[in-house]
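Number of protein chains: 2
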Amino acid sequence: MANPFVKQYLMTAGPTPIPPAVSEAMAQPVLYHRAPAFIEVYARCLERLKTVFQTENDVLCFAASGSGAMESAVANLARPGEPALVASCGKFGERWVELCEAYGAEVAHLDAGWGNRVEPGELERRLAESGAKVVFTTLSETSTGVVNDVQALTQVAHDAGALIAVDAVSGLGAVPIPQDEWQVDVVVAGSQKALMCPPGLAFAGVGQAALDHAAAGPGHRYYFDWRRTVEGQRKDPPDSPFTPAVTLFVGLDVALRMIAEEGLDEVFDRHRILGRAARAAVRGLELDLFGPEDENANVVTAIKLPEGIDGAAVPKTMRDRFGVTIAGGQGRLKGKIARIAHCGYFSAFDITTTFAAFEMALREAGHDVELGAGVGAAQAVFLEAGVPVAAPV
Amino acid sequence: MANPFVKQYLMTAGPTPIPPAVSEAMAQPVLYHRAPAFIEVYARCLERLKTVFQTENDVLCFAASGSGAMESAVANLARPGEPALVASCGKFGERWVELCEAYGAEVAHLDAGWGNRVEPGELERRLAESGAKVVFTTLSETSTGVVNDVQALTQVAHDAGALIAVDAVSGLGAVPIPQDEWQVDVVVAGSQKALMCPPGLAFAGVGQAALDHAAAGPGHRYYFDWRRTVEGQRKDPPDSPFTPAVTLFVGLDVALRMIAEEGLDEVFDRHRILGRAARAAVRGLELDLFGPEDENANVVTAIKLPEGIDGAAVPKTMRDRFGVTIAGGQGRLKGKIARIAHCGYFSAFDITTTFAAFEMALREAGHDVELGAGVGAAQAVFLEAGVPVAAPV
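Taken in order, these protein sequences are the chains called A and B. Following our numbering, the numbering of the first sequence begins with 254 at its first residue and continues without gaps. Following our numbering, the numbering of the second sequence begins with 254 at its first residue and continues without gaps.
Among the clues, some could well be false.
When the alpha-carbon atoms are kept at most 27 Å apart in a straight line, the in silico DSS-like pairs for lysine-lysine are as follows [to be verified]:
| # | chain 1 | residue 1 | chain 2 | residue 2 |
| --- | --- | --- | --- | --- |
| 1 | A | K260 | A | K303 |
| 2 | B | K488 | A | K344 |
| 3 | A | K488 | B | K587 |
| 4 | A | K303 | A | K589 |
| 5 | A | K488 | B | K589 |
| 6 | B | K569 | B | K557 |
| 7 | A | K488 | A | K344 |
| 8 | A | K589 | B | K488 |
| 9 | B | K303 | B | K587 |
| 10 | B | K589 | A | K587 |
| 11 | B | K303 | A | K488 |
| 12 | A | K569 | B | K344 |
| 13 | B | K488 | A | K488 |
| 14 | B | K303 | B | K260 |
Residues from chain A that keep clear of chain B, each with C-beta distances beyond 12 Å, as calculated [stated by the list, open to error]:
| # | residue |
| --- | --- |
| 15 | L299 |
| 16 | Q404 |
| 17 | R487 |
| 18 | G619 |
| 19 | G625 |
To give an idea of the chain A side of the interface with chain B (calculated C-beta under 10 Å), a few residues [as the list claims (entries may be wrong)]:
| # | residue |
| --- | --- |
| 20 | G267 |
| 21 | I271 |
| 22 | P289 |
| 23 | F315 |
| 24 | S325 |
| 25 | A355 |
| 26 | A469 |
| 27 | G470 |
| 28 | H473 |
| 29 | P490 |
| 30 | P494 |
| 31 | H620 |
It is worth saying that the hints were derived from the structure and are not from the lab. Beta carbons are placed, not taken as given, at the ideal position from N, Cα and C, and that holds for glycine.
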């Protein structure tokens, strides 16, 4: 497949690179899900997930893509014929709209526009207008790199007597979303981003108010029904209502241990430095960010590609010639932006590698770029922050 | 964890053992789901799944437990307030009842009883009585080892103008269910049984009549909506509507190649010989099968444990002292039966190992068993069938 002289580098915001220790654990023989050896892993994951969600709530686990956990929020909280407010600013926010429509809710859509943040004041206005009692929004919008102010949005929702469910699939573990401190009712996440595992596990941290609301409107859900999974996970020992993806849990157990060993605050610091370095590299290349300059936007850095070149060729050249896989733009942004991830198992030299390849691909696409200018700007950030800023091994 | 002098043997009907080649493939660095290297794997899996389902239909893939694919069948086929017929004979059949109730269908439940087969004549009577236009049933009922005559049940359903959806989670790839030849409308399966992969992928082979019926009743589904996944998988190149569990697909690709290399008929033959040997071992131990003597029941062999011993102690001793994990009875059968699996990556000496440990555990539980009597009976079957009957390497 790959040219043996070109190493492969995965720099997308999901799937993200897997630490070798996680891969090694997953290569061990499969465990029976009711055997003590697995139950131990499972119970430990349930506890450690609470630490990452910064919550005392149950963190419900599903064998699913991250969208499955989003669906669980809609299936348990939205009601046919009743208003639901979606506050979106990109592709994944719009998925909330599709989900709510599929479940028959009357959707009030606050569309902040791709590349913008959702404004709390606007949410307040739309909540009053619609009378919605549940809000669906996004922490880190992967399609644009924008990170919303979930604390403020939660406050606004609660002031209006509404619950809030937040898609933190790409954000959880990269940027802070302390669920209990901010009183976020529902936080959904996936295994394949900052949790450093392959895709296939989806999570929902669910508070009591959300569980109560769900219990008041049963039906039209089974696999994603929170009650069923809560009951199983609260058993002693905990028991999944459906065959769990045992291999992914074995990997998750190792990844969560690594996060615990690095320290959650240190993990956030690392992402902050990685994000800062990426933004410095963009400036060093005299290019523009797509979206606002934001000290919290530390999951994905979206870069406006220079006009007059074939934008789609840049990620393609990076991947096919240099072995560095980044993401281009999705939907309306196709060919217009490049998205460089730094979410999960990423270190300083992943950023320099990515920008080195990015510069080379820009040059090949005919853009007059000074080779090393972006890399150098990133290096300066890393030195200033004090190396080592390596990812845990 | 495990005593280093005791090797571990996984002899349950899911999760099942994983071939080393599958584990090795999954330990490779993660692929981006839109990268050519993954799309190649994905497209090949979609094609090879058709071979195992023996169908030209789309085989829809979900990141989920097998129950997720079952839910997809109910979410797409059942209608609130309309009758749905569930023909069950054990725990997993009863899951269809719970699912149909969750989706608001009027459930007509043909309960054949645990350990019995569903009788086609009885299905015919209940279909006429209920007027149901969709039937949910089970190929291999993992809780009892019973394998239903899906060909006959399909014929009866179609004669009554009803669609039929079959839970083949533990059966597909172990016992024949040629979807197109038998015209089974929907066949659902999972990755962790005869497909020799870890749990986390669920499949639904869906025929045109079922797709048409689903299209006529949209709503109340998103993640498991067939239309969305059909549209993605039919693109060129195919594209999953949600981030696919890339690592599991990489493993599945290897497992499906192994099945292709062994040959599907040879895979069925191997399971036939394994099942026959297991039943011979039971007779050799002068014990009784739970359920009918059946040449097709080649997924799980359920054995009535002798009276007067602590039944629950047998699987426990096998696992804790001998490192051999089998399943005991579920629900009402707890402590009453032992279930030995031979579904997936199983070879002749997995059966002799399991029965050797079973005999030793029976002796330890106080049952007067002739050591080697079960093993010997199995050996005779293997010799008569003509060794080698090894699983593919």
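Results of checking the hints against the structure:
Proposed proximity of K260 (chain A) and K303 (chain A) is contradicted: the alpha carbons are some 36 Å apart, above 27 Å. Using a Cα cut-off of 27 Å, the hinted pair K488 (chain B) and K344 (chain A) holds, with the two alpha carbons roughly 20 Å apart. A distance of roughly 18 Å separates the Cα atoms of K488 (chain A) and K587 (chain B); the hinted pair therefore holds under the 27 Å criterion. The suggested pairing of K303 (chain A) with K589 (chain A) is violated, with an alpha-carbon distance near 38 Å, which exceeds 27 Å.
Between K488 (chain A) and K589 (chain B) the alpha-carbon distance is near 23 Å, which keeps this suggested pair within the 27 Å criterion. With a CA separation close to 16 Å, the supplied pair K569 (chain B) and K557 (chain B) stays within the 27 Å bound. For the hint linking K488 (chain A) to K344 (chain A), the alpha-carbon distance of about 37 Å lies beyond 27 Å, and the restraint is violated. Straight-line distance between C-alpha atoms of K589 (chain A) and K488 (chain B) comes to about 23 Å, which keeps the hinted pair within the 27 Å bound.
Annotation: proposed proximity of K303 (chain B) to K587 (chain B) is violated, straight-line Cα distance about 37 Å (limit 27 Å). Restraint check for K589 (chain B) and K587 (chain A): not satisfied, since their Cα atoms lie roughly 61 Å apart, outside the 27 Å limit. For a cut-off of 27 Å, the pair hint linking K303 (chain B) to K488 (chain A) is broken: about 39 Å separates their Cα positions. Restraint check: the Cα-Cα separation between K569 (chain A) and K344 (chain B) comes to about 50 Å, which exceeds 27 Å; the hinted pair is violated.
For the suggested pair K488 (chain B) and K488 (chain A), the alpha carbons sit about 43 Å apart, so the restraint of at most 27 Å is broken. A hinted pair counts as satisfied when its Cα atoms are at most 27 Å apart, and K303 (chain B) with K260 (chain B) does not qualify at roughly 36 Å. With a cut of 12 Å on Cβ distances, L299 (chain A) stays outside the contact zone with chain B, its closest approach being about 17 Å. At roughly 27 Å from the closest C-beta of chain B, the C-beta of Q404 (chain A) stays outside 12 Å, upholding its exclusion from the interface.
Even its closest Cβ contact with chain B, about 19 Å, leaves R487 (chain A) beyond 12 Å, as expected for a residue assigned away from the interface. Its beta-carbon lying about 24 Å from the closest one in chain B, G619 (chain A) satisfies the requirement of being farther than 12 Å from that chain. Every C-beta of chain B lies more than 12 Å from that of G625 (chain A), the closest at about 26 Å, which supports listing it as non-interface. For G267 (chain A), the interface hint holds, the least distance from its beta-carbon to any beta-carbon of chain B being 6 Å, beneath 10 Å.
For I271 (chain A), the interface hint holds, the least distance from its beta-carbon to any beta-carbon of chain B being 5 Å, beneath 10 Å. Nearest Cβ of chain B to the Cβ of P289 (chain A): about 8 Å, under the 10 Å cut. The hint holds. Against a cut-off of 10 Å between C-beta atoms, the interface hint on F315 (chain A) holds, since the closest Cβ of chain B lies about 8 Å away. Below 10 Å, beta-carbon pairs count as interface contacts, and S325 (chain A) has one with chain B at about 9 Å; its hint therefore holds.
With 10 Å as the threshold, the beta carbon of A355 (chain A) comes within range of chain B, its nearest partner Cβ sitting at about 4 Å, so the hint holds. Restraint check, A469 (chain A) versus chain B: the minimum CB separation of about 16 Å is more than 10 Å; hint violated. Residue-level restraint check for G470 (chain A) is violated (minimum Cβ-Cβ distance to chain B is 13 Å; threshold 10 Å). This hint holds: H473 (chain A) has a C-beta 5 Å from the nearest C-beta of chain B, less than the 10 Å allowed.
The criterion of a C-beta within 10 Å of any C-beta in chain B is not met by P490 (chain A), whose closest approach is roughly 15 Å, and the hint is violated. At about 8 Å, the closest approach between the beta carbon of P494 (chain A) and any beta carbon in chain B falls short of 10 Å, and the interface hint on this residue holds. For H620 (chain A), the interface hint is violated, the least distance from its beta-carbon to any beta-carbon of chain B being 24 Å, above 10 Å.
Violation of the numbered hints given earlier is confined to hints 1, 4, 7, 9, 10, 11, 12, 13, 14, 26, 27, 29, 31; the remaining hints are satisfied by the structure.
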